[in-house]
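Engineer: Sequence:
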Amino acid sequence: MSPFDDDAPGPDFDSPSDPPPLSMEERAGVLDDLAELEVFRTLLEPTGIKGIVVDCPDCDEEHHVDWALMQANLRQLLEEGQTGRHEPPFDPDPDDYVSWDYASGYADGVAAVAEREEPGSGRSGRHARDD
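When you line the sequence shown up against the numbering used here, it's residues 1203 to 1333, in that order.
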């Protein structure tokens, strides 16, 4: 069929194809991701890290997404069930971005150190021999 035939099906611009709403589990996962992202940003932004690097399965490339844009993407996913396309940063320095796994591991490490140094935990980070 030719797209110029009167009987040819064409795009239906009158009925937008909205994605199905997120399931409760998917919503919970996105909310968890938002909370984690805030922790990552709080810990890593002061060190010069500008955001997250994401492997894109569509184009087989890495995308460098700054903190604010990643947060906006996750909120849009919650509200609309999908994220839109966004302009990538111009000529990003890959050293300024970390993977989600790296950020998660970094946050876990900071939490573990804080737990060891917490007063009353019986572990001040010092050994008995150091007294």
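Treat the hints as calculated values from the structure; they're not laboratory data.
Glycine included, C-beta positions come from ideal geometry on N, C-alpha and C.
It is possible that some hints are incorrect.
Now the in silico label distances, taken between C-beta atoms and shown as ranges [stated by the list, open to error]: (1) Tyr-1304 - Leu-1233: 36 to 46 Å; (2) Gln-1284 - Glu-1317: 21 to 31 Å; (3) Glu-1317 - Arg-1287: 17 to 27 Å; (4) Glu-1238 - Arg-1287: 37 to 47 Å; (5) Glu-1227 - Arg-1318: 32 to 42 Å; (6) Ala-1316 - Ala-1270: 38 to 48 Å; (7) Pro-1248 - Arg-1318: 18 to 28 Å.
Engineer: Take the hints in turn and mark each one as holding or not.
Structural biologist: Hint by hint, here is what the structure shows:
Taking the beta carbon of each, Tyr-1304 and Leu-1233 are about 22 Å apart, not inside 36 to 46 Å as hinted. The hinted range of 21 to 31 Å is not satisfied by Gln-1284 and Glu-1317, whose Cβ atoms lie roughly 38 Å apart. Checked against the given bound of 17 to 27 Å, the beta carbons of Glu-1317 and Arg-1287, roughly 41 Å apart, lie outside it. A beta carbon spacing of about 24 Å between Glu-1238 and Arg-1287 contradicts the range 37 to 47 Å that was offered as a hint.
Between Glu-1227 and Arg-1318 the Cβ separation comes to about 34 Å, which falls inside the hinted range of 32 to 42 Å. Look at Ala-1316 against Ala-1270: about 26 Å separates their beta carbons, and that is not inside 38 to 48 Å. Distance hint check: the CB atoms of Pro-1248 and Arg-1318 are about 21 Å apart, consistent with the given range 18 to 28 Å.
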